[in-house]
Amino acid sequence: GQQVMQIPQYQHVQEGEDFTTYCNSSTTLSNIQWYKQRPGGHPVFLIQLVKSGEVKKQKRLTFQFGEAKKNSSLHITATQTTDVGTYFCAGPLAGTASKLTFGTGTRLQVTL
Amino acid sequence: GAVVSQHPSRVICKSGTSVKIECRSLDFQATTMFWYRQFPKKSLMLMATSNEGSKATYEQGVEKDKFLINHASLTLSTLTVTSAHPEDSSFYICSARGQGASNSPLHFGNGTRLTVT
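Each protein sequence line maps, in turn, to chains C and E.
FYI, in my numbering the residues of the first sequence are 297 to 408.
FYI, in my numbering the residues of the second sequence are 785 to 901.
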């Protein structure tokens, strides 16, 4: 079945260091979405990428959608303690347009 | 905009009892709502799709008689965990998509942490 994997599973950085999470799907995705879930909270939408090779930036966050539309990445420059949380990529469940399947997630810990 | 309210946020119940979780879209109409389940430090698993005015569709491996879903209006979907057992203890989160594109972002409720003793 369809699998959406993320690496690393967990990363601990010091404030100011950069962070990247990689998302890989076993199937081609029509679009990919990224969500952030703070500890004890619920997922919050960050961004959606649709085009092959698309790159979008939100302040210190840079999102990229692979040329083959099977992978994506999220890069955070100069992390801050407010970046703590789990980052999930999500794409349409195979054979559907509206159902989202979530990646395995990358948990980010940032310490001073 | 696009606020989803979920209630209760936390519930403890005894084995064998049923628990109802409500999911409301506060400032938009949600023709479709999705129910996810999340185990500690794990990803979100789609359980079912709730469609206003029609039967819910369940993902493979999810017992429809165990997890009853009702979507009676454009702003309310409910998930009832029937005859709960300790293994049903989990974080249940609903999400909603408005009447926009089928691939538009999901708006999540705050989640319900269910503990079955």
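In case anyone wonders, no lab produced these hints; they're calculated from the structure.
Hints are not guaranteed to be accurate.
[To be verified] Capping the alpha-carbon separation at 30 Å, the derived lysine-lysine pairs in DSSO-like fashion look like this:
(1) C:K366 with C:K395
(2) C:K353 with C:K366
(3) C:K332 with C:K355
(4) E:K850 with C:K347
(5) E:K798 with E:K826
(6) E:K798 with E:K850
(7) C:K395 with E:K804
(8) C:K353 with E:K798
(9) C:K395 with C:K332
(10) E:K826 with C:K355
(11) E:K839 with E:K804
(12) C:K332 with C:K353
(13) C:K366 with E:K825
(14) E:K848 with C:K355
(15) C:K332 with C:K366
(16) E:K825 with C:K352
(17) E:K826 with C:K395
(18) C:K395 with E:K848
(19) C:K352 with C:K332
(20) C:K395 with C:K347
(21) C:K352 with E:K839
(22) E:K850 with E:K826
(23) E:K826 with C:K352
(24) C:K395 with E:K825
(25) C:K353 with E:K839
(26) E:K850 with E:K839
(27) C:K353 with E:K825
(28) C:K352 with C:K366
(29) E:K839 with C:K395
(30) E:K850 with E:K825
(31) C:K332 with C:K347
(32) E:K825 with C:K332
(33) E:K826 with C:K366
(34) E:K804 with C:K332
Structure-based check of each hint:
no., hint, verdict
1, C:K366 with C:K395, "holds (17 Å)"
2, C:K353 with C:K366, "holds (20 Å)"
3, C:K332 with C:K355, "holds (15 Å)"
4, E:K850 with C:K347, "violated (40 Å)"
5, E:K798 with E:K826, "holds (25 Å)"
6, E:K798 with E:K850, "holds (16 Å)"
7, C:K395 with E:K804, "holds (23 Å)"
8, C:K353 with E:K798, "violated (48 Å)"
9, C:K395 with C:K332, "holds (18 Å)"
10, E:K826 with C:K355, "holds (28 Å)"
11, E:K839 with E:K804, "holds (17 Å)"
12, C:K332 with C:K353, "holds (15 Å)"
13, C:K366 with E:K825, "holds (24 Å)"
14, E:K848 with C:K355, "violated (43 Å)"
15, C:K332 with C:K366, "holds (20 Å)"
16, E:K825 with C:K352, "holds (28 Å)"
17, E:K826 with C:K395, "holds (19 Å)"
18, C:K395 with E:K848, "holds (18 Å)"
19, C:K352 with C:K332, "holds (16 Å)"
20, C:K395 with C:K347, "holds (19 Å)"
21, C:K352 with E:K839, "violated (38 Å)"
22, E:K850 with E:K826, "holds (22 Å)"
23, E:K826 with C:K352, "holds (27 Å)"
24, C:K395 with E:K825, "holds (22 Å)"
25, C:K353 with E:K839, "violated (40 Å)"
26, E:K850 with E:K839, "holds (15 Å)"
27, C:K353 with E:K825, "holds (27 Å)"
28, C:K352 with C:K366, "holds (17 Å)"
29, E:K839 with C:K395, "holds (16 Å)"
30, E:K850 with E:K825, "holds (24 Å)"
31, C:K332 with C:K347, "holds (21 Å)"
32, E:K825 with C:K332, "holds (13 Å)"
33, E:K826 with C:K366, "holds (22 Å)"
34, E:K804 with C:K332, "holds (27 Å)"
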